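Participant: Starting from the known structure of chain D, arrange chain C on it as the hints suggest.
One letter stands for each residue in the lines below.
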Amino acid sequence: NAGVTQTPKFRVLKTGQSMTLLCAQDMNHEYMYWYRQDPGMGLRLIHYSVGEGTTAKGEVPDGYNVSRLKKQNFLLGLESAAPSQTSVYFCASSYRQLHTEAFFGQGTRLTVV
Amino acid sequence: AQSVTQPDIHITVSEGASLELRCNYSYGATPYLFWYVQSPGQGLQLLLKYFSGDTLVQGIKGFEAEFKRSQSSFNLRKPSVHWSDAAEYFCAVGALIGGSYIPTFGRGTSLIVHP
Chain D
35 NAGVTQTPKF RVLKTGQSMT LLCAQDMNHE YMYWYRQDPG MGLRLIHYSV GEGTTAKGEV
95 PDGYNVSRLK KQNFLLGLES AAPSQTSVYF CASSYRQLHT EAFFGQGTRL TVV
Chain C
125 AQSVTQPDIH ITVSEGASLE LRCNYSYGAT PYLFWYVQSP GQGLQLLLKY FSGDTLVQGI
185 KGFEAEFKRS QSSFNLRKPS VHWSDAAEYF CAVGALIGGS YIPTFGRGTS LIVHP
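Chains as they are written, first to last, in this note's numbering: chain D, 35 to 147; chain C, 125 to 239.
Excised from the complex, chain D in its bound form (with noise of 0.2 Å):
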C-alpha cells in the first residue's frame, strides 16, 4: 500500500525554468493538497481540491498552478521558477469526511537557483 507518493524527491531549477510536482494517492480521497514547508512558517496551503476536476486556492497561490484531471492525481506547476520558492513541498490526501486526518507524501526538496 503505497499511500501519498510524490515524484521528484529532489530537484533543482534555474530561475525561469518551468517543472510540474507529481502526487499520486492510491486511497481514493476525495480531498487533496499542496502545502509548502519554510523555516520557521511551518506548513502553508498553496492549493487544494476537494475532488476531480476542482481546485481551490489557498494561502500562498502565486506562482503555482495545479490540476487533478483524475481523482488520484494532483499536479503541481510552477511556470517560471523564483529563488523564492525554494521549499519543501508536501502533498496530502484525505477523505471528505470533517473527523478524518489527512496522509502525507515524503516531500519534494526544491532549491531554485
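Hint data in this document are derived by calculation from the structure and do not stem from the laboratory.
A portion of the hints provided could be inaccurate.
[As the list claims (entries may be wrong)] Partner residues are not named here, just some residues of chain C that face chain D (Cβ under 10 Å, in silico):
| id | residue |
| --- | --- |
| 1 | Gln130 |
| 2 | Tyr156 |
| 3 | Leu168 |
| 4 | Tyr174 |
| 5 | Tyr225 |
| 6 | Pro227 |
| 7 | Thr228 |
Quantities reported herein were computed from a predicted structural model and do not represent experimental measurements.
Even glycine gets a Cβ: it sits at the ideal position worked out from N, Cα and C.
Facilitator: Frame of chain D; chain C shown alone:
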C-alpha cells in the same frame, strides 16, 4: 479566521523527562484538532486527533493530548520522552475554507532530546 498558534519554537528535554507541547487555536465552533509528528527528512504522521467526546485523547507512541475549550488549547503530553521522539511537532485545526474543512497548521515546535 481559524488559526493555530504554537508558542514554542524549540523545546529541549532530557531523556526520561516529561513533555508538554503547547497549542492554542482560534475557532468559533467545536474544532477538529490534530497533532502530527515529522521526523527529519520525512512527511508528517498523525499522532492523535480530537473531534468530540472525551477531552483527553490517546495517540500513538505514548502521546496524549487534552482539549480545553475554556483555554482554547490542545496541548500534547508524554510522561517519559525517548531519544527517538526528537522531531518536529505540528498542531493543526480543520479550518473551514470555501465550504470545506482544510487542515491548517501551526508553525511547529522542534523537540530536542538530551541523553
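Participant: Hints first: check each against the structure and report whether it holds.
Facilitator: How the hints compare with the structure:
no.	hint	in the structure
1	Gln130	holds, 8 Å
2	Tyr156	holds, 6 Å
3	Leu168	holds, 4 Å
4	Tyr174	holds, 9 Å
5	Tyr225	holds, 5 Å
6	Pro227	holds, 5 Å
7	Thr228	holds, 7 Å
Every hint from the earlier list agrees with this structure, and none is contradicted.
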